[in-house]
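Novice: Could you put the whole structure together from the sequences, leaning on the hints where they help?
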Amino acid sequence: MSASIEILSRFGFPKGILEALKADGVTELLEPQVEAVLRCNLLGEEDLLVSLPTSCGKTLIGELAGVGAALLGKRAVFSVPLKALAREKFELFSRRYAKYGLRIRLATGEYSEHLSDLERGDYDIAVLIHEKLKHLALREPTFLRGIGVAVVDELQGVEDQARGPDLEFLLALLKRGVPRVRRIGLLGVIAPDDPLIEDFGGRILTARRRPIDLRQGIVLADGELARTALEEYGVQRPPSVANIWVSIYRSHNTGLVEAEALPISDPEGGVEGDLLRLAVGLSNEDGSVLLFLPTRREAEQAARLLAEAAPFLGSVGQLPEGAEDLEDESLQFCLSEGVAFHHADCSPRSRALVEEAFRSGAVRILCCTSTLAMGVNLPARSVLIHPFVWNRSGQAGDLSLLPEALVRNMAGRAGRLGLGEAHGRALLVARNQREWDLYRRFYWTDLAPRLRPTLLAGDLGPHLLAGVALGQDTSKKLLDLLAGLLSSKAIPLPHLEQRLAEGIERARSLGLLEALPTPDAEGERFELSPLGRVVALRGLSFETARTFAEWVQRFEGNVPSDLLALLVIAGAEETQEWSWPREIQPEARARWVEQARERLGWESLHSLGGRWTEEGSVSRRAEDAAKLASALHAWASGEPVPRLRERLGFSPGSLHAVGEGARWLLEALADIWRRTVGQPRETN
DNA sequence: GAACCCTCTTTTTAGACAGCATGTC
DNA sequence: CTAAAAAGAGGGTTC
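Yeah, the first sequence ends on 699 if you go by this note's numbering, and it's all consecutive.
Simulated from the structure, these hints should not be mistaken for laboratory data. None of the hints are false.
Using 20 Å as the maximum straight-line C-alpha spacing, the simulated PhoX-like pairs for lysine-lysine come out as follows: (1) 30 <-> 114; (2) 190 <-> 89; (3) 190 <-> 492; (4) 491 <-> 504; (5) 114 <-> 89; (6) 190 <-> 491; (7) 190 <-> 504; (8) 37 <-> 114; (9) 492 <-> 504.
Across the chosen pairs, the derived CB separations fall in these ranges: (10) 672 <-> 599: 19 to 29 Å; (11) 653 <-> 310: 22 to 32 Å; (12) 116 <-> 573: 54 to 64 Å; (13) 302 <-> 125: 31 to 41 Å; (14) 653 <-> 434: 47 to 57 Å; (15) 679 <-> 539: 30 to 40 Å; (16) 573 <-> 599: 35 to 45 Å; (17) 416 <-> 115: 44 to 54 Å; (18) 545 <-> 302: 58 to 68 Å.
Even glycine gets a Cβ: it sits at the ideal position worked out from N, Cα and C.
Specialist: Structure below.
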């Protein structure tokens, strides 16, 4: 049962703020939102887990909890996983609440103007990235003390192999805040017995129903297949007219399986390909279409094909505002025909423009990659998904269908609130029996699986040191911290104790941690060494810290060449997870090593240790490192991005990502240099 | 000799977070 | 549960 937002005035929300919400079109609270306010004590003290399907208004629940707390004079932080999301929330909050006197602040890796405000506690609502929040808490433990409520968005991120551990650590850290930091966790539907619920003290607000139903359909692009499938499900065939395909769908809200006819464009219409014809058909009939394609190239190409067939689409041929001076002519052409593409290689400006044009309806078909699966608010009437696979470049045999969770995120974009739509559609197109079987099995899952947190599956080391940095400086306190982790729930205590003991032992042997000579009742107390502090604050792996420190020692204060420093960081364990175009052919790989040898001499390479032992036989990792270092060096020396792409195969997106990662490692290296040798060293 | 077509082989393939230095009688 | 499409290379045919 929905209700007017006026009920919020009973909970201390002043008129001005309700007006601001109304001005944004928020006049009603949806059922789960009402429940949050009336039954879940949204402005109370206890942790609360909000587990709802997309489009149920989770975000507003978090927002109300934060704003409500801020109005009571407590500080609220919002933690989100993406910079674009943080920016969007910050702008929204500023627009709605700044004029009411709330101090809204933003801090991400690239935006640090409000950092000193945050450190001084000069804020009411702060929007942060998970990792940033963790770092602030680590660097200055008093930061946590000032926080009343922490709204942590997209908690399913704990499953992510690369970034999950930090999020998991953040959750455990907030739980141990003194005085208590109230945690509001937001995520999609989870299993009824998920350990996360226990972690939040059993206080969960959950619902299965979406305000706008979602039809999760599998389109059968083959007559014979459609016939047998309809028979199998005992569903009546929709009335047959020309140019339709049959979709067998499951209704999210009712769970029923039914069939519907979907319009596809005429084959004469100038658009080929199953997905494209369906996209055109749906957009003509029905409104906006979001088309998820596996690669950037396919997304761009699909958009161009659609734009070329635009007369058939019935577009108006008008460029959206602000698109006149776009540098990307291809995108400009598409936009003028009511079509667009969107992926990581698009400039931030193009992306923002395309997103706005899609929201406003100026773009009716948006061809994109998985960038749009998560993040900014961008609903569509229909979502078409090509649930295909790619493998991480250079590694064969790493194939899979798109993960179910990702497809669920994509599908969740379907169905727009407030436009009188009865339902949204998320569609996969099956062209044969195999795909039909596969898609059903993978994506028509009934129950959400339990989350699989990843912290304890990986390297515990940096997190132990982070614990010490937080003041959990005895074995007992560390064990408590560990036992509070999500991924500890399934692990027996003795096993945890053993992991802890091993971790401490390793940290001590590497000189990251020292035991103080004054043990207290809780046993040994630990202290971080300067190197250990770098590891804790930057989340560096022990192995990398050791390599960096040894290498710094070897130079005894003589500043090495840039290329050599880049080779050091390119060889770090952390780069293994980065995605960039590695060489496949052994000869090509060897060429990079040869090039590095020519420029630096074998003596220097040998100083890199381990993987560079013998001339003429270096490991594959070292060969990769040679290419990566060379690319980074060329980039830092100002070689233009298009040329790098042509010469080395780096797309702008991967170059940017690799560059960011390298900067992070270089700074860690410089930090180690400063703390151990003491001489400042410039980085580029 | 250029243009075109066909076939077989090779290559390529999504996204994106994190820092702030120091030391005191 | 393990792909598919595009680009490139090579060869043959037509004009």
